[in-house]
Amino acid sequence: MSTITVTVNGKSYTKEVEGRTLLVHFLRDTLGLTGTHVGCDTSSCGACTIHLDGRAVKSCSMLAAQADGSILTTIEGLAPGGELHPLQVAFNDEHGLQCGFCTPGMIMTAADLLSQNPNPTEREIREGLEGNICRCTGYHNIVRAIQLAAERTAGVPA
Amino acid sequence: MSNYIGKPLSRVDGVAKVTGKAKYAAEFDAPDLTYGYVVSSTITKGRITHIETSEALSLPGVLSVITHENRPKIAWLDMSYKDQDAPPGSPFRPLRDNKISYSGQPIALVVAETFELARYAASLIRVDYREAPHETNLDTNLHRARKPKSGLASLLKPPPPKPRGNFDEVYAASPAKVEGRYSHSPEHHNPMEMFASTVVYEKDGKLTIYDKTQGAQNSQLYVTQAFNMSFSDVRVISPFVGGAFGSGLRPQYQLFLAVMAARELKRSVRVTLTRQQMFTFGHRPATIQNIALGADSNGKINAIYHDAVGETSQFEDYTEIVPTWSPMIYPAENVTLDYKIVPLDVFTPLDMRAPGGVTGVPAIETAIDEMAYELGIDPLELRLINYSDRNMAEDKPFSSKELRECFRQGAERFGWAKRNPKPGSMRDGHNLIGWGMSTGMWEANQMPARAEAVLTVNGKLRVTSATADIGTGTYTIMTQIAADTLGMPMEDVLFKLGDSDMPLAPIEGGSWTAATVGSAVKVVCEELGRKLFKLAQKIPGSPLAKAKWDDVEFVDKHIRLKQNPAAAVSLQQAVDQNGGAAVWQKSTSLPAMMKQKNYSRAAHSAVFVEVMVDEDLGTIRVTRAVSAIAGGKILNPKTARSQIIGGMVWGISKALEEESVMDHTIGRFMNHSLAEYHVPVNADIHDLDVIFVEEHDDIVNPLGVKGLGEIGIVGMPAAIANAVFHATGKRIRELPITLDKIL
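One line per chain: the protein sequences are A and B, in this order.
According to full-length UniProt numbering, the first sequence is numbered sequentially starting from 1.
According to full-length UniProt numbering, the second sequence is numbered sequentially starting from 1.
Extracted from the complex, chain A is given alone in its bound form (with noise of 0.2 Å):
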């Protein structure tokens, strides 16, 4: 067991954890942050997808110690005031889910993208989340909701 110290959504925890324990399951198990899914064990399908310290990471494939003082945000994090985050907004308008379970990992991966690039071509955001497995939208609307969400916030600063 080791004590780690985390920010998840702007409030500090200090945990015990093992070893062994990934962070993916110490969100959702231990502070029962459940909008984060896992949905390969294999560090394919990115539905485990989180921030790290601002950037995207896969929360299966580390351990929770390894994120001791790190500053970490969830799907349930995203937008802090209430209000929803442009992706959140955008997803749900341009339908980019159905069953839901891939969408806090593609909305994620899709924050850190535009961030990065706030105005991609449809093919940098395709390549962009090819790390990211949907089953049943077949993409399409997930592409558009991220153009949506880049048109919108275009000019506003990150």
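I should point out that these hints are in silico values taken from the structure, not numbers from a laboratory.
A hint or two may mislead.
Result set (SDA-like, lysine to any residue): computed pairs, CA atoms no more than 25 Å apart in a straight line [as the list claims (entries may be wrong)]:
hint	chain 1	residue 1	chain 2	residue 2
1	A	Lys-15	B	Ser-587
2	B	Lys-638	A	Lys-11
3	A	Lys-11	B	Thr-19
4	B	Lys-21	A	Asn-119
5	B	Lys-21	A	Asn-117
6	B	Lys-460	B	Met-426
7	B	Lys-206	B	Asn-228
8	B	Lys-7	A	Asp-93
9	B	Lys-149	B	Gly-61
Starting from the structure of chain A, add chain B where the hints point.
For chain B alone, kept in the frame of chain A given last:
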């Protein structure tokens, strides 16, 4: 009134899903929750001779290891394990005895205080086996093909019709002939959410179960029967399902194991399968088909032979409708069909998106393309020459079939007329361009269902039915139907599903939910409306006092005279008349059998695809696809279009990527992860276009809808295979078309 039906509305569950608030089966908490981890068999067939659990049990925090040796007593009869989608046979019972029937079979459940501990303890279980020889190869076991047993499932999946005419004679004399052998590999559903059950053990021994399922009542039935519990002691809840595609039509073994452990430990238990274990239950069966077509020189197909052999398990006879699609699409007078199965040492296959349809239709639609080349007739023209408004498998007219319009609009949007039919004739630099097309078809069924509607004293409407929303949009379209039927804004309507306590609904599959549950929602809201109308009439001085039911309409939260909208009573006034109580109605919707029985009911599609094949590397990209759909009334073009695009991507996946690769030496699916089981990612998908053609049908169900969950996939694989032929001149009859088959 139609304020909402037909409008492209966003989903009512959208915000919950973009904020992480939608909860799936493994996300419900319980006090003192324990975690179960499944141990899987490492052999394919044989017996467990010894299972050593002491090391696992010695770890502090490990609560139990349940195996066939120490499991509690369970129901004896096969009948007790029959769920609503069980094929004829003897359903698999986890931990029944020491017998191993397939690779990855669950052989123990480790329960511990934490997930990590359970997983580690599971790695300490030592198992000795006595192996027996297994058979997993359909190809080398075709000599064992036999007719399937019939049972309840045969009602929905009848065997092919008897031969008509004389195939042999007419085929022999046909001036144009094609024949071929078509096959595809097994596939696994692989919804993004892994199967999970959280079983909450209540103080009195009652169970509240959060399960991943396409039918909460199906899971409830299974648990009550298998564990000899009463219905009132088992409640199954499943508000959100992270995809299923058929895999949730039968309760999976994590449910059984979690319930067994919870009852044994008298504690709440969660069992989540791993992605690897998602390859250890139902799958789309490998199937081998033979087709022969004979046509006259004008292109009229006069003779069809179509047979299919699919795999099943050693314990259940899973079947699909496969060859029957040929005469459903093409009206030949001389038809011989055959369907058989081969039992192998695998788990029983399971309905997977368009089961049978996306097996049989791609085969016949590839053969039709071959015939077009044989005759030198354009593939679209050949389909028009053989167009039929009658389903010759049932010898009945279609209740509606706007496929001709699908062909017209789809071809126009795609630019089909510009196609040079010669294979290899179109290119873009290194890429060979191919254009192919296919017909698609899927049945439009309706089942009985019930629903409940309550108008609360606050004037809000709550409608419930025990169906599921696996991502299709059920919550949204049911809310639209309810709101329109009672003239209410959608914000005042709450539709709930996925709870076994709710009114009876069938398992959510077969593309029948919009028709089935939609009809029940419509009926219950109409009948609730009648009650509200009667209450409105009783209000002193009511402007509706003398009105008849047919004279009124529900608009803007009011009941009003159609002829005099000023004569109106608000729904709030009507419910206020009910003595301070909500107004309540429960209703049943049954298919209009007498009306339906003389017709064949189906959705159709015309699919046009462009592929680019790298002539050196053999890589194939679907650069453009148009799917024109005749699917009856479209309740919500936004959710509908998304269903079709999702289906089209499944079609691309089936044609080019998806394949569960069996190592027959050890009898196991080898690529059991999302790293190795290929499905498309964002970067694989290019331009996809959907057209909904107008189609009116008042026979199929009261809403005129046909269901869209499956029609999107059916036509894609053959359109792609035909496009690959057009690009390369290579006719690939074995799916998926991987690059090794092109080079």
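These are the hints, each one checked on the structure:
| no. | hint | in the structure |
| --- | --- | --- |
| 1 | Lys-15(A) / Ser-587(B) | violated, 52 Å |
| 2 | Lys-638(B) / Lys-11(A) | violated, 38 Å |
| 3 | Lys-11(A) / Thr-19(B) | holds, 18 Å |
| 4 | Lys-21(B) / Asn-119(A) | violated, 29 Å |
| 5 | Lys-21(B) / Asn-117(A) | violated, 28 Å |
| 6 | Lys-460(B) / Met-426(B) | violated, 60 Å |
| 7 | Lys-206(B) / Asn-228(B) | holds, 12 Å |
| 8 | Lys-7(B) / Asp-93(A) | holds, 14 Å |
| 9 | Lys-149(B) / Gly-61(B) | violated, 47 Å |
Checked against the numbered hints listed earlier, the structure breaks hints 1, 2, 4, 5, 6 and 9; every other hint is satisfied.
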